[in-house]
Amino acid sequence: MKRTGVELAGGLRLSDRLTLSGSYTFTDDSAPASVLAPNAANSFTVLTARHSFAAQLDAKITEKLSAAVTISHKADRPALGAYTLAGASLAYSVSDRAQLYLRVENLFDEDFQQVQGFGTTDRAIYAGIRASL
Numbered sequence: 022m023k024r025t026g027v028e029l030a031g032g033l034r035l036s037d038r039l040t041l042s043g044s045y046t047f048t049d050d051s052a053p054a055s056v057l058a059p060n061a062a063n064s065f066t067v068l069t070a071r072h073s074f075a076a077q078l079d080a081k082i083t084e085k086l087s088a089a090v091t092i093s094h095k096a097d098r099p100a101l102g103a104y105t106l107a108g109a110s111l112a113y114s115v116s117d118r119a120q121l122y123l124r125v126e127n128l129f130d131e132d133f134q135q136v137q138g139f140g141t142t143d144r145a146i147y148a149g150i151r152a153s154l
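Residues 22 to 154 (my numbering) make up the sequence shown, in order.
No lab work stands behind these hints, which were simulated from the structure alone. Predicted, not measured: the structure shown is a model, and the values here were computed from it. Treat the hints loosely; a few may be bogus.
Per label pair, the in silico range of CB-to-CB distance [as the list claims (entries may be wrong)]:
{"no.": "1", "residue 1": "Arg24", "residue 2": "Lys81", "range": "36 to 42 Å"}
{"no.": "2", "residue 1": "Gly140", "residue 2": "Gly43", "range": "27 to 33 Å"}
{"no.": "3", "residue 1": "Gly140", "residue 2": "Lys85", "range": "35 to 41 Å"}
{"no.": "4", "residue 1": "Gly43", "residue 2": "Asp130", "range": "31 to 37 Å"}
{"no.": "5", "residue 1": "Lys85", "residue 2": "Thr25", "range": "41 to 47 Å"}
{"no.": "6", "residue 1": "Ser114", "residue 2": "Ser36", "range": "18 to 24 Å"}
{"no.": "7", "residue 1": "Tyr147", "residue 2": "Arg38", "range": "38 to 44 Å"}
{"no.": "8", "residue 1": "Ala152", "residue 2": "Val27", "range": "36 to 42 Å"}
{"no.": "9", "residue 1": "Ala89", "residue 2": "Ser116", "range": "16 to 22 Å"}
{"no.": "10", "residue 1": "Val27", "residue 2": "Val115", "range": "38 to 44 Å"}
{"no.": "11", "residue 1": "Ser153", "residue 2": "Asp97", "range": "39 to 45 Å"}
For glycine and all other residues, C-beta sits at the position ideal for the given N, C-alpha and C.
Put together the whole structure using the sequences plus the hints.
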């Protein structure tokens, strides 16, 4: 099996409180479809998207409160199809060692599969405390 590709990533500080980052990955997978994905239309594995895009906007709202919005897109997956996911998060620093957070994954409740036959979560909301010793 031979897999080659290119990955590009970068970031841009828009202001003292706003940062935009993103990445693009192109993957060429020449593994035989009959070995890795017998039902696939061509030679790409079901696990690898030919094109992957991701972007994140980070905002420092106050000294203690930050927010982020993310979007990722997987395209050209012959066996499973493309999908786009969005997410959002908030974090509040209680102290130098503790932070409260709220995170939403799959914000728009996209129906997708990362691997054929295995389910993925619907919209998911997480809240918690991060602490360091």
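Outcome of the hint check:
1. A C-beta distance of roughly 38 Å is found between Arg24 and Lys81, which places it inside the suggested range of 36 to 42 Å.
2. Under the hint 27 to 33 Å, the C-beta atoms of Gly140 and Gly43, about 29 Å apart, fit the expected range.
3. A beta carbon spacing of about 37 Å between Gly140 and Lys85 agrees with the range 35 to 41 Å that was offered as a hint.
4. Distance hint for Gly43 and Asp130: a CB-CB separation of about 24 Å, inconsistent with the stated range 31 to 37 Å.
5. For Lys85 and Thr25, the Cβ-Cβ distance of about 45 Å falls inside the hinted range of 41 to 47 Å, so the restraint holds.
6. Checking the proposed 18 to 24 Å range against Ser114 and Ser36 shows it holds: the Cβ atoms sit about 20 Å from each other.
7. At about 24 Å, the beta-carbon gap between Tyr147 and Arg38 misses the expected band of 38 to 44 Å.
8. Separation of Ala152 from Val27 is about 39 Å and conforms to the stated range, judged on CB atoms against 36 to 42 Å.
9. In this structure, Ala89 and Ser116 meet the distance hint of 16 to 22 Å, their C-beta atoms being roughly 21 Å apart.
10. About 42 Å separates the C-beta atoms of Val27 and Val115, a value consistent with the hinted range of 38 to 44 Å.
11. About 41 Å separates the C-beta atoms of Ser153 and Asp97, a value consistent with the hinted range of 39 to 45 Å.
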